[in-house]
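Chain order of the listed sequences is A and B.
Note that the first sequence covers residues 1 to 289 in my numbering.
Note that the second sequence covers residues 290 to 543 in my numbering.
Careful, some of the hints might be misleading.
Claimed, not checked - Sample of chain A residues facing chain B (criterion: CB under 8 Å; computed from the structure):
{"#": "1", "residue": "L15"}
{"#": "2", "residue": "L18"}
{"#": "3", "residue": "L19"}
{"#": "4", "residue": "L25"}
{"#": "5", "residue": "Q26"}
{"#": "6", "residue": "E28"}
{"#": "7", "residue": "Y29"}
{"#": "8", "residue": "F57"}
{"#": "9", "residue": "A60"}
{"#": "10", "residue": "P172"}
Bear in mind the hints are in silico, worked out from the structure with no lab data behind them.
C-beta: ideal position from N, C-alpha, C; glycine also.
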Amino acid sequence: MATARSFRFSKSVLLALLLLLIVFLQYEYDATKVPLAPSASGSGVSPLMIRMADLGFSPAIASFLWATTMPEILDLFRDRTEYLGDEAFVNAVDPKMSYPYAFSVLTLPAVPTKAFPDGLKDAMVIGNRGLQTADPDWRIAYYMAMNYYLGLNDMKDALLYFDIAARTPGVPQFAERFSLNFGIGSNQRETTKELWTTIRDSTNDEFTKERAQTYIDHLDDLDIIQAAAAQYKEQYGVYPTSTSELVAKGILSAIPQDPFGFTFIINKDGTSGIDLNKLPSYILTEPAT
Amino acid sequence: MRNIFVIAKNTLKLEVREKILYGIIIFGLLYIFFTLFLSDLVLKELPMVKSFGLTGIYFFNAIVALFLGTTSFFKDVDRKVVYFILSKPVSRAQFVLGKFFGLCMVLLFASVILSVAYIGLILYEHGGFDTLGLLAIAMQFLEMALFLAFAIFVSTFSSSLLSIVYTSGVFFLGHVVSTILDAAKQIGLGGMRFVLVEILYYVFPNLEKFDARDLAIHAVAMPFTSFALAVAYAAVYIILLLSAAIWIFDKKEI
């Protein structure tokens, strides 16, 4: 009888200990938990309510909702603005899903101005929200840079956003090459250099300062080669066909080393540029899917 | 040990003959096939395609676990199989453990079929071999094993219908306990009521930690310690539930 009672007691102690262990594991787990990305603010949807009911299905729910929201972009042509609210809802359900942000940044500015005057502005608001909360996706920054340049004539912000796109993991070859060399054409180079100089001198952020200096060095190298090519023409009557001729004829002591690793070329009209057939190895490496 | 294995094997044999299990698996496969169409709707955006597939596997596995966990134990009692087994040199603890491992094997069978379809889908959509997706499915399996243990535990003292209600309740609450605690903190709940919420949070099965789908879909970093603690949590909770189930079943007159 006493043995049976003590057996029952030890069973109860075991169960209580297991329960305590569960509490301890939960406590320890919480210390290692990665916090969720913050939801879009001002969407009119309570992220708490969404998470209360999602049972861990939020990425799939967001994807389903996105499939029905995407076609609504066409309704903007008919002055119906449900797309904006629904897109914000999708962002609130899964703030990390990057495609809705990228799609909005790309397409909203294309909506006719009369019917929907704030398309460009809204695109930038959504894009910035995406850059803060979504998975790294080069398309968001790349399309924003395009909008700044083409829609808002804002070259300075275009440069900054192209730089973000170039630094985003998984950026494809063409986009990285284009982003790093945006504004290097001989007709734009001075303006680009001035803008990067302004960025460098006006920021307190060390990383941005360093990055701006790298772009300035890249542009300086192009200028050096172009100036040397002009000097070559003065001396020999024709432009050199390659940068090595500048060294061979003693105009340059060495070909400048590009900070981004590109190979410089001299075009037929004497302007300098980059060799598209000899890209740096880090660009040639296929991005991870 | 041998007895547990024999009961587990027989449970597997018995359950895989169930037409309803195949029905659920076929629906799961159809859903994954339907994901091909859904992926066109979202312009083949890979994170979205993965979210559809992984959620489908999770949903159909949950149905399988709910169906198996809440019916299998009762069927044995109903069909008097349990009398036959317990008349042999088999303890009640061995019977409960055998049932649990057998049902886990059936769940694994369903998971493997759906996972193969999912991996095929991602390969077809040029997403490569989704290793992180498999890891997320493994974590889902762990959650379902806990879910099964709870269903067996409930089955030892309640009716089949109530088991379904309790187990579904645990599934829902297990995913919202974290949110309830956050909400309690946000609204500044204090005193005894907050303590009660905290007790609920720490004692109730917290299933959120098995959601590694974000890892596969968004490549959100999940520390190894989190994985290890989640596995330990599942193991300890399963031991607790099965111990309690054995204890109750031992006392039960059949």
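Here's how the hints hold up against the structure:
1. L15: Constraint on L15 of chain A satisfied, holds at 6 Å.
2. L18: 4 Å, holds
3. L19: 6 Å, holds
4. L25: 4 Å, holds
5. Q26: 5 Å, holds
6. E28: 5 Å, holds
7. Y29: 4 Å, holds
8. F57: At about 5 Å, which falls below the 8 Å cut-off, the nearest Cβ of chain B leaves the hint on F57 of chain A intact, so it holds.
9. A60: 4 Å, holds
10. P172: At about 14 Å, which exceeds the 8 Å cut-off, the nearest Cβ of chain B leaves the hint on P172 of chain A violated.
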